Amino acid sequence: MVKKLLHTRYRVNDLAKTISFYTQVLGLEEVRRHKSPRGSELVFLKTPNSDELIEICSFPASGPVTFCPDLTHLAFEVESIADFAKHSAALGYPLSDGPTESASGTFAFIDAPEGYEVELIEYRK
1 MVKKLLHTRY RVNDLAKTIS FYTQVLGLEE VRRHKSPRGS ELVFLKTPNS DELIEICSFP
61 ASGPVTFCPD LTHLAFEVES IADFAKHSAA LGYPLSDGPT ESASGTFAFI DAPEGYEVEL
121 IEYRK
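Numbering (this note's numbering), first residue to last: 1 to 125.
Read the hints as simulated data drawn from the structure, not as lab findings. Honestly, I wouldn't trust all of these hints.
Once the Cα atoms are required to be at most 25 Å apart in a straight line, the calculated DSS-like pairs of lysine-lysine come out as [stated by the list, open to error]:
{"no.": "1", "residue 1": "Lys-86", "residue 2": "Lys-46"}
{"no.": "2", "residue 1": "Lys-4", "residue 2": "Lys-46"}
{"no.": "3", "residue 1": "Lys-35", "residue 2": "Lys-17"}
{"no.": "4", "residue 1": "Lys-3", "residue 2": "Lys-17"}
{"no.": "5", "residue 1": "Lys-17", "residue 2": "Lys-86"}
{"no.": "6", "residue 1": "Lys-17", "residue 2": "Lys-46"}
{"no.": "7", "residue 1": "Lys-3", "residue 2": "Lys-46"}
Source: prediction; values computed, not measured.
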C-alpha cells in the first residue's frame, strides 16, 4: 500500500520557459534541481500549503513532447480568479477558458507554455 503522494511529473520541451511560468505566473517555489542518472534535467517545485511536489523534466534524448489536448491538468486554489487573471494576463498568459460558476465557486483555466492546462479554483466563501 502507498503512504502518500510525493510528486507529479510533467515532461517538457522548454525547461526554462516552463519553470519561469510556474514560478513567476503561479508563484511556485523551486526547491531542488538535478540531473537524473539517465541524463534528464529535473526541477522540483513546491506549492504553498501542499506537501507534494511537481517535477518538471526535460529529456530531449527521448524526442519532443507531444500529447493530446485535455489529457491531464493540475488544479490550484486561488483567492481571487479575477485578480489572478489580471496578474497572469500582464505576464502574457490570459485565461484560456472561463471563469465559470459552479456550485462550489468559480473555476477557470490557463495554458502553461507546453500546452498543459492549469485549473484555477476560487471556492465560494
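Report task. Hints the structure violates: just list their numbers, smallest first. Result -> 4
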